[in-house]
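Asks: Here is how the chains run, residue by residue.
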Amino acid sequence: MIARELALAVWVSLKTSGLAAVIASALAVPAALFLAGHEFRGKKLILAVNQTWMAAPTVVIGLLFYSLLSRNGPLGGLGLLYTQAAMTVGQIFLILPLITGFSYTALRQVDRRARLTALTLGATGRQAGWIVLREARFPLLVAVLAGFARAVSEVGIAMMLGGNIRYATRNITTSIALETAKGEFRNGVVLGVLLLVITLGINYLVQAGLRGRDGGA
Amino acid sequence: MGGLVYRLERVAYGYPPAKGPFSLELEALTIAEGGVLALVGPNGAGKTTLLMLLAFLLRPARGRLDFLGRDPWAATDGAAEARRGAVLLTHHPYLFKGTIADNVAFGLRLRKLPEAEIRARAAAALSLVELDSLGGRSVSGLSAGQVQRVAIARALAIRPRVLLLDEPTANLDAALGLRMEAVLREAGRDWGATVVFSTHNFSQASRLADSILYLSEGRRVEFSHENCFSGTAASDGRTSWIEPAPGLRIEFPGETRGHVTCIIDPSAIRLVAAGEKGGTPPSGPNVFRGRVSRMETTDAATALVRISGDLVFRATVPVGELEAGGISLSREVLLTFEPRSVKVVGERPAEVG
Numbered sequence: 005m006i007a008r009e010l011a012l013a014v015w016v017s018l019k020t021s022g023l024a025a026v027i028a029s030a031l032a033v034p035a036a037l038f039l040a041g042h043e044f045r046g047k048k049l050i051l052a053v054n055q056t057w058m059a060a061p062t063v064v065i066g067l068l069f070y071s072l073l074s075r076n077g078p079l080g081g082l083g084l085l086y087t088q089a090a091m092t093v094g095q096i097f098l099i100l101p102l103i104t105g106f107s108y109t110a111l112r113q114v115d116r117r118a119r120l121t122a123l124t125l126g127a128t129g130r131q132a133g134w135i136v137l138r139e140a141r142f143p144l145l146v147a148v149l150a151g152f153a154r155a156v157s158e159v160g161i162a163m164m165l166g167g168n169i170r171y172a173t174r175n176i177t178t179s180i181a182l183e184t185a186k187g188e189f190r191n192g193v194v195l196g197v198l199l200l201v202i203t204l205g206i207n208y209l210v211q212a213g214l215r216g217r218d219g220g221a
Numbered sequence: 080m081g082g083l084v085y086r087l088e089r090v091a092y093g094y095p096p097a098k099g100p101f102s103l104e105l106e107a108l109t110i111a112e113g114g115v116l117a118l119v120g121p122n123g124a125g126k127t128t129l130l131m132l133l134a135f136l137l138r139p140a141r142g143r144l145d146f147l148g149r150d151p152w153a154a155t156d157g158a159a160e161a162r163r164g165a166v167l168l169t170h171h172p173y174l175f176k177g178t179i180a181d182n183v184a185f186g187l188r189l190r191k192l193p194e195a196e197i198r199a200r201a202a203a204a205l206s207l208v209e210l211d212s213l214g215g216r217s218v219s220g221l222s223a224g225q226v227q228r229v230a231i232a233r234a235l236a237i238r239p240r241v242l243l244l245d246e247p248t249a250n251l252d253a254a255l256g257l258r259m260e261a262v263l264r265e266a267g268r269d270w271g272a273t274v275v276f277s278t279h280n281f282s283q284a285s286r287l288a289d290s291i292l293y294l295s296e297g298r299r300v301e302f303s304h305e306n307c308f309s310g311t312a313a314s315d316g317r318t319s320w321i322e323p324a325p326g327l328r329i330e331f332p333g334e335t336r337g338h339v340t341c342i343i344d345p346s347a348i349r350l351v352a353a354g355e356k357g358g359t360p361p362s363g364p365n366v367f368r369g370r371v372s373r374m375e376t377t378d379a380a381t382a383l384v385r386i387s388g389d390l391v392f393r394a395t396v397p398v399g400e401l402e403a404g405g406i407s408l409s410r411e412v413l414l415t416f417e418p419r420s421v422k423v424v425g426e427r428p429a430e431v432g
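Chains as they are written, first to last, in the working numbering: chain F, 5 to 221; chain X, 80 to 432.
Hints were generated in silico from the structure; no laboratory data involved.
We put the CB at the ideal spot given by N, CA and C, even for glycine.
If a hint is listed, it holds; no wrong ones were tucked in.
Here chain X is said to cover these stretches of chain F; the calculated rule only asks that three of the stretch's residues, wherever they fall, bring their Cβ under 8 Å from a Cβ of chain X: (1) 106-118; (2) 126-137.
Covered stretches of chain X, going by a simulated chain F footprint (3 or more residues, C-beta under 8 Å): (3) 156-164; (4) 174-186.
Derived, one-sided and incomplete: chain X residues facing chain F with beta-carbon distance under 10 Å: (5) Met131; (6) Phe135; (7) Leu168; (8) Thr169; (9) His171; (10) Arg190; (11) Ala230; (12) Arg233; (13) Ile237.
My request is simple: use the sequences and hints to build the entire structure.
Replies: What follows is the structure, given as structure tokens:
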């Protein structure tokens, strides 16, 4: 495997999974904030569906989106199949319940007094919501990082929706699958280690950055 | 004192909020600007609920609560606007993650004050609670007393029009508690804050408040109910007294005349089983014979003693003392309290100003 191909695979992994994590977080965290702060009929059902969705195999999600995005599918006209955009969409769908579930748990653990204190000190409802998020920033970060890790390490969606096209949609995990299929186990292991190192590095940098901003509090 | 800050009319709140029976029901209450009102009553009396309503953190299930002449709940964002003027310090305050200084500056930052003013006000507030050297310290690991002091500083730094305090000195030792009382008094003087605070401590209520609202089971204790008696005071120059019922003379020190209301601290009342062999029956003023009509066990045991007719005294007595004294339900007892433990308030104790 040449260096350029490797670099591009790493870039595709980071770009599609990073984008999926950002977009999924933007949807999942507000949803979790709403669920954590409100009691309503049907909430238990939503949580149960979310929990079930978390366990959905990547190939099932890949197959679902494949049938939607393929030329004969309802969204075939968009021409997204075998593109990085399709991989990102599939990964968003994969990690959305994971980030929602983890964020919900994180926000439920924030002391109820945090919101009341913010309100009585003059915060608006929206500001109080932000403050609750801030109080849960470390567990929320874990939720987002867990989502990213799940997206960057999955292979089913990337393979089915990206098509493992060289220099276009091939990422680290589809490269590992390819190298293993070719019998190049050594390359597969090296790519696997590289994936772990990248994930570890991102985890470390984000957490260190947040701690630095907090002054170690 | 200026105009009215609060006017409550038939305000009620329950848990859950929309359903009765209500845990707090007040027919009428007004609080004037610059006054100090103490909310006194046993656990579950509705003190905290009332403070939460006054802080616009709870919405009345019924009735009208006006703040500075307007009903904040009637307007969009009206409650959020009103909250900027009335800050509540809760019984177990919450500190946000970060430093002590961050916490004290929190409300000031929300109000978008200039950074220099924020620093100056935060420093002054920390100095008031004697934490000036700890501003840069993280809030994790603070003792309960320190947390309370930081929360007091955070509320004082805002200089709100109304300071609402739920047992503000509960986590502080006696000396620091007195110091904080002085700080709260200064707050009223310095920027004319209206202060409403809850306490179990009658002495503290007497020291700090212009008026006392005595609550029991979510209702304002009306005259001639549980330790709260009204009447026309007579005086011999040294001692004054009222007679809320024939033969029931409640004495208190000083020369007071006119219509007054007396409140007696439940913890100041002693009970002695009547006819107990070997014991010396209490003598002197404020000794009454009655029967224990109800007993409750909360933090300390509470005995309700019916004297005659509708007159009821509430005495808070440690469980051990009740047992040792042979006091039980329906037992005839002698009830006594010192004249100096009688707090004399105006004709309508719940209305400040």
